[in-house]
Amino acid sequence: MSHTVLVVDDDPAVLDVLVAMLEDLGCKPISAQSGRDALDRLEQNQDISILITDINMPGMDGHELAELAKRIRPELKMLQLSGREPRRGGLPMIRKPFSFEELADVMRRTTGVC
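Every position in the sequence shown, counted from 1, becomes a number in this note's numbering once 203 is added.
Watch out, some of these pointers could steer you wrong.
Simulated pairs of lysine to any residue, SDA-like, Cα-Cα distance not exceeding 25 Å [claimed, not checked]: (1) 273 / 285; (2) 299 / 314; (3) 231 / 216; (4) 299 / 247; (5) 273 / 244; (6) 299 / 249; (7) 231 / 279; (8) 280 / 218; (9) 299 / 287.
I should point out that these hints are in silico values taken from the structure, not numbers from a laboratory. All of these numbers come straight from a predicted model, not from anything done at the bench.
Between the sequences and the hints, there should be enough to build the whole structure, so can you do that?
What follows is the structure, encoded as structure tokens:
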């Protein structure tokens, strides 16, 4: 079963790499470059079952996005990305840069999918 994954990062290069990795894992990625864009996509697409978000973004950061997304979709599984931000709120996190194998392992362990 393929899962729809919303990927949020303000860096287009990171988004491109993540989308390609998720496609290779058999997921259906949807990308957003801001927290507001991500919330709009969550409200419009009920197929999204996983949110992967960068933490350090201008405007709405990944922590704020996760809190708001949980209110909209309490069942949503989440994974945060960061190269330097601390983990907060108990959400699973993967450190940038990461390999395809690391992403696949974290996805299996934390979301149980892909």
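Each hint tested on the structure:
1. 273 / 285: Roughly 19 Å between the alpha carbons, so the hint for residue 273 and residue 285 holds.
2. 299 / 314: With a Cα-Cα distance of about 18 Å, the restraint between residue 299 and residue 314 holds, given a limit of 25 Å.
3. 231 / 216: holds, 18 Å
4. 299 / 247: violated, 29 Å
5. 273 / 244: holds, 14 Å
6. 299 / 249: violated, 28 Å
7. 231 / 279: holds, 15 Å
8. 280 / 218: Roughly 19 Å separates the two Cα atoms, so the pair holds.
9. 299 / 287: Distance ~8 Å between residue 299 and residue 287 Cα, so the pair holds.
Checked against the numbered hints given earlier, this structure breaks hints 4 and 6; the rest are met.
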